[in-house]
Amino acid sequence: MFIRLAFLTLVLLTSACTTTIQPWERGILAKPEMQWVNDGPGFSLSNHIHFSKEGSSGGTMVVGGGCGCN
Amino acid sequence: MNLPDDKKYNKPSALAALTASALALPALQTQAATAPVDNIVSYRYSSYMEDDAKDSEVASGSTKRYDIDIQQFRISAPVGKSFSVSFDALTEKMSGASPMGTQAGADGQPQLVMSGASISENRDDVTASITHYGEKMSTGFTAGQSSENDYEANYFGIDWEWEFNQKNSAFQIAYSQSDDEITPTDAVLFGRVQRANKETQTINLGLSQVLSKNSLIQYGLGFSEDSGYLSDPYKIDDARPSSRTRYTAIMRYRHFYKESNGALHFDYRYYNDDWDITSHTFNFAWHKNVSGKIQLIPSFRYYSQTEANFYEPYKAAGNTNPYYSSDYRLSPYGAISAGLQFIHKFKHFSYTAKFERYESDKKYSFEKVAVENPGLVSYTLITVGFDFIF
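As they're listed, the protein sequences go chains A and B. Using my numbering, the first residue of the first sequence is number 1, and each one after it goes up by one. Using my numbering, the first residue of the second sequence is number 1001, and each one after it goes up by one.
Hints were generated in silico from the structure; no laboratory data involved. Ideal placement from N, C-alpha and C gives every residue a C-beta, glycine not left out.
Derived pair list, reagent style EDC-like, types lysine to aspartate or glutamate, alpha-carbon separation capped at 20 Å:
#, chain 1, residue 1, chain 2, residue 2
1, B, LYS1315, B, ASP1237
2, B, LYS1362, A, GLU54
3, A, LYS53, B, GLU1050
4, A, LYS53, B, ASP1069
5, A, LYS53, B, ASP1052
6, B, LYS1362, B, ASP1107
7, B, LYS1213, A, GLU25
Where chain A lies over chain B, by a calculated footprint (3+ residues, C-beta under 8 Å):
#, stretch
8, 1042-1050
9, 1135-1145
Next comes chain B alone, as it looks inside the complex (with noise of 0.2 Å):
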């Protein structure tokens, strides 16, 4: 969250710092591990614009995929001197149509099959969440819902913080669970599942610890299990197994650079599961003051996986395989992206706009591929919003 006062947040708490290194506030993620002294109210309007399918690569339906608008709205609030809470909502109000599968073309590569453009459907989602601070520890809870026409979501999660070393170092363990449920629509008349469920347990572990007077690093291991159905629906011959095991190891740093008054960001992330995709994920930020009312970030991403063993570019005759799925986000390939947002501080207000492009390719994939499947993402990102303090 970018607030517009940087004397507020310049105390040299003994807490601040490492507080910083807070690895997580679930659902926040934004809240130093000392109690919040500030009301916030952010509001954020987003516009997610994918880039339509190739007439080429289509085999039937539109060519149209997703637009969605999306709005946030968050507030959070110190309660006494060692709690504090937070209310986040989200409405996305999303249109196009989307791959359902795939055939093989008249060259052998595959084409999409995809749906009518007349996919019109609303997502929301709200999370409250409320934390205790005590001298070395803190304690957070947080709880929501996410809700649609056909899916339904209801998650909770609680994290722990435990602060050492005389609190240049900080441990953190975060448990979630979140329980699903999907009921398709037309499910009778296209002969798809009519109701099922899905389970979600997650275990992270993290620890921070601040290395000098300008740099911190934060590693963390993380442990999720999926269960129930984790088929696609609305998506030809799709069968995934019942469960799914994932994996996840991080690492972030942050280091200011007095000469250049900014701040570098660097995070990575391994990631493993037992359908075989293995993924790689590099971000880089840099965090320039360009005066002390406005802020420049100019950002990049990297990622690339591995297939998962079930997936197939088309269904071949003749297979005979239990499991199939051409999904393209199951299949290999690599995505760049690269962001610059505008930060203005203007008394209790800090306003933003950032604009992202988003692409997907095999041949950002860190390893070779030999058939990209057509239904890979690339997308816009507008955003522009607003965090009031007082």
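With the rest of the complex left out, here is chain A (with noise of 0.2 Å):
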């Protein structure tokens, strides 16, 4: 329930805080360095040596298994 309220709040206050970008106004948004992530492999191996070296993980939507790494 309260990760569903939280959600419901975020869209409704993003919504109200925004205005609609046409398709030929984004030209900006489309630049490589605009991307959630524009260093695929780099962020990767980051994401790997974070989940393996600290005690908290997760958040990246990255799909991977556990390690033996110690």
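Need the complex rebuilt from these two chains, each delivered in its own frame; the hints are there to steer you.
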């Protein structure tokens, strides 16, 4: 319930404070440096290092398995 | 992924921006929700070097900690007009020593019991992914395997994305699962568990939103459940609960500054689990276009976590708690890291080099830490590689 309420709140807040950007206005947004991730291998490696060396992980939606990392 | 020809990706396609907002195609996270039009081959070589343990903090064993050589290969390609496939392969060669436990030193501070320096191991990881792109929805499926001589993980994931609000908004949902098997070496000799299993299931929800012509935001919530053997068989007296429930909340923001010709990236993650670990992670990066062909990316990361409720700096006499671990990963600490990446685009190639320094210490924690775990890791990471688009 908490997660659903929090998510709904975010949706409403975000929708309320934005205007519609038309397709022809999105040239900048399409630049590589505006992507959520623009170095796939580097992002994967950083995630794996932090996953194996820190006490918390997640939030990236990257699919992967565990490791016997010591 | 660093793409060599901006023009190819500057098509003012209706999807492009939001696509950019695709929280994520599992395993890739670099592709937009529109079907790609180029074949991309990527290679990276990385050298990961941990700082040696201090002599004064090691009770026994080697002070030489891990060095890892990593090679990554990736190929992604469109298939028809509405599908794409990708294949990732990674191989790591590890050598060095790792902490096996702690004990009280003469001054009452914890000291490390290290393994010998003879550990040498390989890990191989392969992942395949296929994505279908519809008018307003994309669907992806990913599967892979990670294998070591004493550990094997088989995993898969499926994700969906819906675009709405004239494609200014997108909602994502993803499910993934990993089934892991642990078969420790020298199990009988050292009294370790001989074979054990672990399962992880994760659900992520995401919402991305175009805020303006030059800014994007994304929110996400994650829920993950680990079950099975969650202890570390190589650590002395390590005994952890057989389940762990984890929650994450993330926010990502991108803003392009025309006058500076650069993009600011800001990412934040809140984490909490039922082992009582709470963490905060902040990432900043500045993607500066120095020229049409050269890009510099300075970055900074801050991380801080609290301790697990069964963590102790060392096992005190009379400790009857059924769970115990002195693993530095479960200790309270903070970490900072700074990096600089250089990208040079030349014809169909994009060459990249990156340097990163990571240091962890109790003084970086957002909460006061009384006793620092001597096993905390600090490392240097150097990466070189290229992308080839055709």
